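From first to last, the protein sequence lines are chains A and B.
Counting from 1, one number per residue, gives the positions in the first sequence under the working numbering.
Counting from 187, one number per residue, gives the positions in the second sequence under the working numbering.
No lab work stands behind these hints, which were simulated from the structure alone.
Keep in mind that this is a model prediction, so the values were computed, not measured.
Take these hints with a grain of salt, some might be off.
[To be verified] Taking lysine-lysine pairs in the PhoX-like style, the calculated list, with each CA pair at most 25 Å apart, reads:
#, chain 1, residue 1, chain 2, residue 2
1, B, Lys240, A, Lys166
2, B, Lys240, A, Lys139
3, B, Lys362, B, Lys392
[Unchecked claim] Facing chain B, from chain A, some residues (calculated, C-beta under 8 Å):
#, residue
4, Ala29
5, Ser35
6, Ala36
7, Trp50
8, Val133
9, Ser137
10, Tyr138
11, Ser157
12, Arg164
Built from N, CA and C at the ideal position, the CB exists for glycine as well.
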Amino acid sequence: MALFSRKPRIEEFEAAALPHLNDLFRTAARLLGDSARADDVVQEVYLAAWSSFHRFEAGTNCRAWLFRILFHTLHHYRRKWLNPREIADPQEIIEQTAANCVPLSAEITDEEIQAALAGVPEDYRAAVLLVDVEEFSYKEAARILDTPIGTVMSRLSRGRRLLREKLAGTAQSYGIGRSAREGKSA
Amino acid sequence: MNRTLPEDLCERARRNLNAYVDGELPEAIRDQLASHLERCASCAAEIQTIRSLKVRVRGLVRAQNAQPELAVNVRNRLRVSDRKPWWSFSALGSHKWAMAAAMAVVIGAGVWVAAPREPFPAISDRPSQNAFIHRISTKLAGVLRPGLADHVHCAVFRKYPVEPPSAATMLADLGKYRDLLPAVRAAVPSNWRVVMAHQCSYLGRKYVHVTLRDRDRLISLVIARKHDGESFAGMVPAARVNGVAFYQGVAERYRLAGFEAGEYLAYVVSDLGDQENLQAATLLSSDVYRAIGGIL
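Start from the sequences and build out the full structure, keeping to the hints where you can.
What follows is the structure, given as structure tokens:
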């Protein structure tokens, strides 16, 4: 049974880290677009976190630390498993489409928002997920993503704009967005 | 007199709207912007749009939760994370839990094979499939054949899916054997992924089957209830681990190892070496036993 015996501090690790499992999973799932892959990545995150738990400073933000590991793990996972075309950053598309703020139609459904979010390039989606969903500060998000704060702000802004662009396109396809905007501008 | 045009004010304000919504602006700038928003319906509407989308995105993304088994898998893997890869153990006799496994239970069969190196019959071509399995089974003891047959039929001929079924699907397909999934995942190194897990049948016999993949290698875990008189007892054990006898067989490139307990048979088959295959069988069987012991 020795093979399955616990390390002295594993209970401490689990108590600190496991409450954030859902947060990590849904972020991974949204970024990978696949729950099974997210399962794998989250397991890797916890293994990596446990192996470096001795370096974790008690009292600091465990959740942010886990998210930092998550993005590190995602980076390696993508390089290992995903086609480069799946992770290319369509910067040109962003520049072309994010020029204008577009009102959000009240008729937009959750499914349409989810589909639009899935279509936002991953770097920008990550910023939206960290700030809007997980409610990390810009400073925390920058540390998690290992980027300057200005980059987080830029990606967040572009991510939100692109999301709205996509939703406006959806609404227009149903004839919703146009009438809503026309109504507002009248 | 303020010479700033309203358009300039709005343009300046809009650069800060996201940070305003996120509570990230310095106090002075925030107060200026708040003052502007009281007078500018356009910017106020933009703030409202940003906020409402933020709230909706948060709500719908947070509505997604992991399957309960993910926490189980994480816990299991944490507990075995210090273990060496299962095929690297040099001494079979060091695993006391294997004895407990065999005392109460019979564990499923596993298959660990290389990717096909020759064209196989299509899964729908049963006659060719049966002929292939029969041909490679001829030198194999009869009691080992069910494990080989189900693996070849199910994992090799069918081939593993490009995108594995979801965990929920596999758990549902496993039915009362659902605890196998987290147990197997916990037992194997992280480079092995479960690509199939279900209850199946071949040539009228029922199996519980879990297949893992690492690049071009496959391993299947198959549980089969004994038929009348079936036993490894007529074979010479390849090893005894804490009193449990493990038996081996070779079918072309497939290595099989198995043991029995109660009403079930267990096999592990791979294209690794004989000893590695045997070690894999003993290590995997203990984890499987832990998951299904209550059922068997």
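Problem set entry | Non-conforming hints, listed in increasing numerical order | none
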